[in-house]
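Undergrad: Chains as they are written, first to last, in this note's numbering: chain A, 1 to 164; chain B, 1 to 281; chain C, 1 to 798.
It should be emphasised that the hints constitute simulated quantities derived from the structure, not laboratory data.
Treat the hints with care, since some could be wrong.
As the list claims (entries may be wrong) - If we take Cβ atoms under 7 Å as the criterion, some of the chain C residues that face chain B in the derived model are:
hint : residue
1    : Ile84
2    : Asp659
3    : Thr660
4    : Leu720
5    : Thr723
6    : Glu726
7    : Glu784
8    : Trp787
Claimed, not checked - Covered stretches of chain A (in silico footprint by chain B; criterion: 3 or more residues with CB under 8 Å from a CB of chain B, positions within the stretch not fixed):
hint : region
9    : 44-56
10   : 59-70
11   : 114-121
Yeah, the Cβ is synthetic: ideal placement off N, Cα and C, and Gly gets one too.
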Amino acid sequence: MKAPDVVKISLEVNGVRSEGEVEPRKTLADFLREDLGFTGVNLGCEHGVCGACSVLLDGAVVRSCILFAVQADGTKITTIEGLAKGEKLHPIQQAFLDHHALQCGFCTPGMVLAAVDLLKRCPHPSEMQIREALSGNLCMCTGYVNIVRAVSAAAEIIQIPEKP
Amino acid sequence: MDLLSGAAADGKLLAGGQSLIPLLNLRLARPEALIDLNPIPGLSYIRSEGKEIAIGALTRHREMEFSPLLAEELPLLAEAIPQIGHPAIRNRGTLGGSLAHADPAAELPCVLTALDACLVAASPNGERVIRAENFFTGFYATALSHQEILKEVRIPLDRRPVGWSFLEFARRHGDFALSEASILLFAAGTGDHCTSARVVVGGSVERPLRIASVEQLIRDELALVSRRNSLADLLRETERRTAIMIQSSGAGGENSDYLSHLTGVLVRRGLESAMERWRKR
Amino acid sequence: MTGAQWKGQAIHPREDRRFVTGCGLYLPNISLPKMLHAAILRSIHAHARILSIDVTEALKIPGVVCALTGEQARALSKPLRPLIPLPVETPYYCLAYEKVRYVGEPVVAVAAVSRYVAEDALEKIHVEYEPLPAVVDPEASMKSDAPLLFEPLGTNILWHDCFTYGDVDGVFSRAAHVLSERFLIHRYSSTPLETFGCTANYDNSRQYLTLWSNDQRPGQAMPILAHSLGLSITQIRLLTADIGGGFGNKRKPPYLVLAALLSKLSGQPVQFIEDRRENLMGLVHACNGVMELEIAVGEDGRLLGLKVRDIADEGLNVLNPTVHSLLKLGNVTNCYDIRAVRFEGYSVMTNKCPSGANRGIGKPFMCLALERMLDGVARRLGRDRIELRRQNLVPPEMMPYTTPTGELIDSGNFPETLNKLLSLIDYESFHEEQKKARSEGRWLGLGLALAIEPSTSNQSSYILTTGKRTASGAAEAAMVRVESDGSIQVVLGDVGSGQGHQTAAAQIVADELGVGFEDVQVSPYFDSLVSPWLYTTGNYSNKFAGTDVGAIQGAAKKVGEKLVSLGAHLLKTAPEELELADGAVRSKKDPQIRKTIQELAQVAYRDLLALPPEMEPGLEGRCYYRAALADLPDEQRRVRGQLFVSNAGHAAVVEVDIDTGKVAILKYAIVHDCGTMLNPVIVEGLVHGATAHGIGAALYEEFIYDEKGQLLTTTFVDYLKPTAVEIPDFKTDHLESPSPYTPLGMKGVGEGGAIPAPAALANAVENALEPLGVRLSELPLTPERVWRAISLAGRKAD
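The following block holds chain A by itself, in its conformation from the complex (with noise of 0.2 Å):
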């Protein structure tokens, strides 16, 4: 049995229906960045450590770079471009603003969904169980000191967890 050249896939993509065909081998975190033009999605090492291309596959925080886009065929998928409602940003988002999490922003999409899983699973956590949760996603900007904050200030305003 050969596997074929190209295969259909169907997803919603931040909440929008999305259609492809894909090479099996195509990473989903290529097929969002090039097939549908989610460039927001960011690859630092396309070996599943640095966690920049994080993206949320039904509710759960993934590393795009290392699930296929065959894998995601009839999944629901969040980047960091569907956390945003308009103009409202999610608060964790808001809450990056308003504590300087970030400066060149690379990791940041990563770093922010990565949070989103968090605070859903855990809406009180300790400053230590931010870090934990978090210690998949590198940053070389900002020590993260910020990032934590941020966080730790999101929990405090997300009252009920939505599912995105």
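Start from chain A and add chains B and C according to the hints.
TA: Coordinates of chains B and C only, in the frame set by chain A:
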């Protein structure tokens, strides 16, 4: 099963993909075929079955992490799982995938060996049960034939430990273990004396290693109420015997002195921690 | 005249919003029609002759458009111009030619319809190598029997020199105490999360190259590109958008040339983006090496003289070696008044990744070596390590202070920095805390380090190593324009990579023109056709404070003067009676008498006959601003290598687990002085980030090569960056000692934190292990290294 029989000998199975896909991206692994197990229904569950807990091979780490059943019945496992990588890894990684990958520096092979788990392997020819102790045969090597996949892991509940501990030493939070230790203490009757123990280490060794000499020591010497001196001696001896075992296994190459020492320290601390839990009961 | 209401404001960078919504325009996000993707086949040997290259099979793969070898690159381009002319020409092209000299060196490049296909093609390329013995250790590389990287050179030593300032021999012969120590310097780098990349579009019909890149020194990239490709600068348009971190690393003209050649060959745009493995193997490493220090001390504790022998392992770097050495030279006396200095420097090639700029460039190790020795001096003399430092600090009264090597410490209050630091880390109560901990079997330690953090490189300093004067001084360029609707546009040559330039520049212009912060827009992008620029244009050596501010302010001033002049004409008053405030030119005496900037713009752009007869239309000002203090080396070979000096003190409380060697940071305090803080939020963020990198260098990051020159740390699994768990929260405090020589009194910030951090941590760990007599002279302080040091010293106490 058809796919498996049809696949070339170097076809690879894809479960969580957290270890495999990085290798593919780096073009360090070039399998002829990749079979995605994720769509297979009915392989993700955590069930109590009387004297055993049964966990489906495709159960994600995250399911296990938040399972009240596991927290209640298998606290050693519950202690180890949050130390597997990071949340994103745990959202995708699977029990079966981790075990089949058999990285000795991973947490689950060490813990499941300590728990004396039974691994159920399925092939086109049927099923068989392999004890964890016999499952891991070397670096990234298991007893599975290329026609077999893991279907389920069964963990006995007939003996409840009076004390347990999982300790890991890594360079950074979430990294693979340089060294790790799983300790289980069992007592019978009034529960004052330790009747048996399981001490399994992992990390820079080839495969999870039972430190039989330490298990023996614990059986012979460990009581709930020990004089401070004898406990201190016991712990020192635990560390010494562990270090010898690791040193003689050749693990760590030119760094074997540090690794054997480190493992000894972890086992000692693990034993202390397990004892603390015993006292608190 | 103008109010200073925006200077010092804690405005959160406006560019943050773009990034937090995933709208960053990073290089990988720039796509052109028909764009191809390049992949590079890299050397698997550290040293080998290339015997043959066969790309025929690769070219047959559908979707592969063209391939380029070193031989072709040599035919199609001129060698990349080196900074230091060597006695024998050592041509260096964008691809290896005849030999490979490090694992990861580019050998063949391929352009294809996708990166996937391009990498498929790499697998079908056959390269035949004849391996040669490799040399990996710099001291071995200096020996006469070492394998030579460039045979015609006859040596692997690119540069060797000895600088003597003051009566060094006399001082050492008379000194009451002479201490010496040898430090092994490890190899690490900054690793921006976005890797290096470029998109080249070579238009063969008009011989014009349009190149997008995240190279952080466009001013240097342009002439290099032009020279290599045989073009004039007018035939190149270089564009830079958002850069996902630079830290000095994002500089690689060879890749720009490579992409341009592929585009020229294929007739299509070509994008090349390093993947992480390529980045770690082949972009840039900081020099590793050896530092031997000798310090002469008086009986009273005065530091009298310093001798340094520095061997910098540059890997394969024939393009710009000696940079680390020069910066160490400029920093050699740190914050201290040491009058006699000898610095002997070697720049040595080995079969490893080329060296280059990173956060700190050599200064972290200069600081490490001296700060560690000072703790040693204190021990030898039985003096308190704080008081010994305090006694030798350059006091504010002596500033501006010229160091023996010619650096000017223009401002700073080092004693006050020290005092604040001691207070912040709660130094007073630590001794008790440590005693108590020791009695409980816990090994706590406190270490500190003081550092000057100079900024704004003076190009003249390279004259010391090149012997040629091709560049000198420091400068940046900016343009400010009031548009026809009265809005204000700023374009800066410097390309930011997270330092909040868009915000900081707006603050400066808003103050200069008396307008609201929101009225000023700053372009985040560089476009060589639009942005004013010179050779020194770019993002490096924390030069924003030293050059960019002057350029921005200078450009704004020109526009401001014109606005006032025009206003005076229209209001029929003298310019001296007018001021810029509140979005208008208005009478100082009666603010109601005014012309808004919109009204003035309307005249300047449309109602031209209302202009004074001799006045040009338009409201644009350009300023090419030269930093003050830049000089040429004098006869004694003294020069101001970096012009404006910030400083800091770092202190860390650590706990060492002596059973495992693991070091945990319990507390970390930073006192920082970068002069006037234009924007405290930006400053603090930069201080945090640089410090975190210094901690990474001290405890985690290390490039490890085996004896055959194979790099063992090629992914983020092996090359360890600190995460949010490893970096503690920082307690920070600031001083402001403005520089008398910069327009706003600002000094550089951005790499500073990376300088004292390794020293502070090394001192802290030694302090924790003091009873065991442990000495650490090699980083990173991995658990194993610490444990071995403890084992070696032998356990004396339990």
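Undergrad: Each hint should be assessed against the structure and marked as holding or not.
TA: Hints, one by one, checked against the model:
Because the closest C-beta pair between C/Ile84 and chain B is about 36 Å apart, greater than 7 Å, the hint is violated. A cut of 7 Å between beta carbons decides the hint on C/Asp659: the least distance to chain B is about 4 Å, and the hint holds. Using the Cβ-Cβ criterion of 7 Å, the hint placing C/Thr660 at the interface with chain B is satisfied: the shortest such distance is roughly 6 Å. With a least beta-carbon distance of about 6 Å to chain B, the hint placing C/Leu720 at the interface is held under the 7 Å criterion.
The beta carbon of C/Thr723 comes within 6 Å of a beta carbon in chain B, closer than 7 Å, and the hint placing it at the interface holds. Interface hint status for C/Glu726: upheld, as the beta-carbon distance to the closest one in chain B is roughly 6 Å, under 7 Å. The beta carbon of C/Glu784 is positioned within 7 Å of a beta carbon in chain B (closest approach about 5 Å), and the interface hint is therefore held. Here the hint on C/Trp787 is kept, as its CB sits about 6 Å from the closest CB of chain B, short of 7 Å.
A count of 6 residues in the region 44-56 of chain A with a Cβ less than 8 Å from any Cβ of chain B is obtained; the coverage claim is therefore met, three being the minimum. Here's how the region 59-70 of chain A fares: 9 of its residues keep a CB closer than 8 Å to some CB of chain B, so the rule of at least three is met and the hint holds. Taking a C-beta to C-beta cut-off of 8 Å, the region 114-121 of chain A contributes 4 residues in contact with chain B, enough for the three needed, and the coverage statement holds.
Violated hints amount to a single one, hint 1; each of the other numbered hints is respected by the structure.
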